[in-house]
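Trainee: Given chain A, put chain B in place with the hints provided.
Given next are the chains, with one letter for each unit.
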Amino acid sequence: MKNEFQVIADLIEKDKKVLDVGCADGTLMKFLKDNKNINIRGLEISKEKVQECIAKGLTVIEGNAEKDLKQFPDKSFDYVVLSQTLQAFLNPELVLDELLRVGKKAIVTIPNFGYWKVRFHLLFKGTMPITKTLPDEWYNTPNLHMCTIKDFFHFVKSKDIKIFKSLALNNLNKSIINESNLGVKNLFADLGIFLIEK
Amino acid sequence: MNTEKNIKTLIVNKPLKLDCGKTIKDFPIAYETYGSLNSKKDNAILVFHALTGDQFVTGINPVTNKEGWWSYAVGPDKAIDTNKYFVICSNVIGGCMGSYGPSHKDTNQKIFGTNFPVITINDMVNAQYNLLDHFGIDKLFSITGGSMGGMQVLQFISNFPDKSKTVIPIATTSSHSAQNIAFNELGRQAITADSNWKDGNYTSNETNPGKGLAVARMAAHITYLSKKGLQEKFGRKLQEREDLKFGFDADFQIESYLRYQGSVFVDRFDANSYLYITRAMDYFDLAKQFNGNLSEAFKNTNAKFFIISFTSDWLYPTQENKDIVIALNSIGADVGFVEIESDKGHDSFLLDVPDFLSALKNFLDKSYEEN
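Sequence order for the protein chains is A and B.
Just so you know, we're using my numbering here: the first sequence kicks off at 1 and counts up by one.
Just so you know, we're using my numbering here: the second sequence kicks off at 1 and counts up by one.
Take every hint as true, because none was put in to throw you off.
Calculated Cβ distances over 12 Å to all of chain B for the following chain A residues:
1) Pro142
2) Cys147
3) Lys165
Ranges between beta-carbon positions, derived for each pair:
4) Lys47(A) / Asp285(B): 26 to 36 Å
5) Ala182(B) / Asn37(A): 48 to 58 Å
6) Leu144(A) / Glu185(B): 40 to 50 Å
7) Lys288(B) / Asn35(A): 41 to 51 Å
8) Asn83(B) / Glu48(A): 22 to 32 Å
9) Ala178(B) / Leu90(A): 25 to 35 Å
Derived by calculation from the structure, the hints in this document are not laboratory data.
From a predicted model like this one, the values you see are computed outputs, not experimental measurements.
Cβ atoms here follow ideal geometry from the backbone N, Cα and C, with glycine treated the same way.
Just chain A, with the same shape it has in the complex (with noise of 0.2 Å):
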């Protein structure tokens, strides 16, 4: 299992119920399961992935966050998960608006367009970049709103949102981001991790 989910899953406290947004083939979510005894259910889009998790007997709904998180009552999880998927929706405000809403908190995952390599990438190379955690090329990538752990930091402090803790991923190494080191760690971090609450 990769390391974000370990770091995503340390987030989370045993018995807790916990809605996986974009669950692909549901590998967070079996951790979760059998290792936190947690209430887990997923969304998820392709019919591929669904079908992966119900062979990991993972209960999912085939569905888009964008149209079907609104049948979710208010609150009805503690926990809704959102990995490296807000960039690739048409309108991620209005997402995450909606995680907000059916979880009492989120953990929203973002890869870093403010990191160096990507940086050095546009800079040197003058094309779009290519990372580890942004593979594709700028004709097949599914995102659409790329931002910096320095925009969602600002975009969530904009909306009133609470930040209760936001972690920089770079590889195996975490580490606290605060408004003091934020310009370092939007350089340094591959991926940024926040825990929210509105």
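Mentor: Chain B alone, transformed into the frame defined by chain A:
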């Protein structure tokens, strides 16, 4: 037990009050079982059949000598694995494969015909509930069925919220749509317009309203397929001829196919049963039973739901299945949902659709492991 034509029958002595207000008692329910009930009695699956199905789910149907209607899904090592699970299915009341229906005789030894009480999906599942007592099963492992079978699944768990661990409605609806009522009415009109129908008082096989029933079946059969499926299978292919004959014989293969479907159907199905069962489907509106709030129907159950629809099913489209998912999610129920890609229309659930069968198998087997 009635062993006539290999039909097993349970006589229900307990009076059953029907939605129409009448009460029936000492009535037969014809059923069949597959696999064996384990000592803990926790491996039973109650399967509900669709409009024209019966209790003979798999293997050779001893009455028609044809494959059971869900042979692709049910059997040893299949999606519903009879090596593992004990499968029970019964003919719905109002039906014509041994359960109490319009072809039965009343206390004066006169065939009911249209004097048989109008039954509902609710009546059907209340009647079938008696099978649990018969087998000494406190809680089923699962209930499942497609189409009208799915309606019975929904009604069953609403009536008996703690009687099944898992619930699998397939290609169904919680409320019969205007379009579906319209198609059913077309079928009923075809039957009642046949001069042999005689207000339902036909008796022998020679004078039954076979033509009307065949037309009803042909019309319905079209609704079970998809435009794409029909086009790919038949297109404009001609039936055993080089060119058009400029007449009204079956020039096209699709015509011949539908005529065949109609003709084999009348050999095994009773026209009055067709009227009764389609009526029960039309009357089905689970939300209405709960003042328009479908979620209320499921609020007392902790069962795990898995809902399945098919992309090309325009009779019970994905959205109608999703409405059930939405109602369940709004009360925090444990519900999974998948829409299976298939060109085979509503009939997909009866056919060899590997993604469907593997999803069904995985859901059941994984849920059973967690038992």
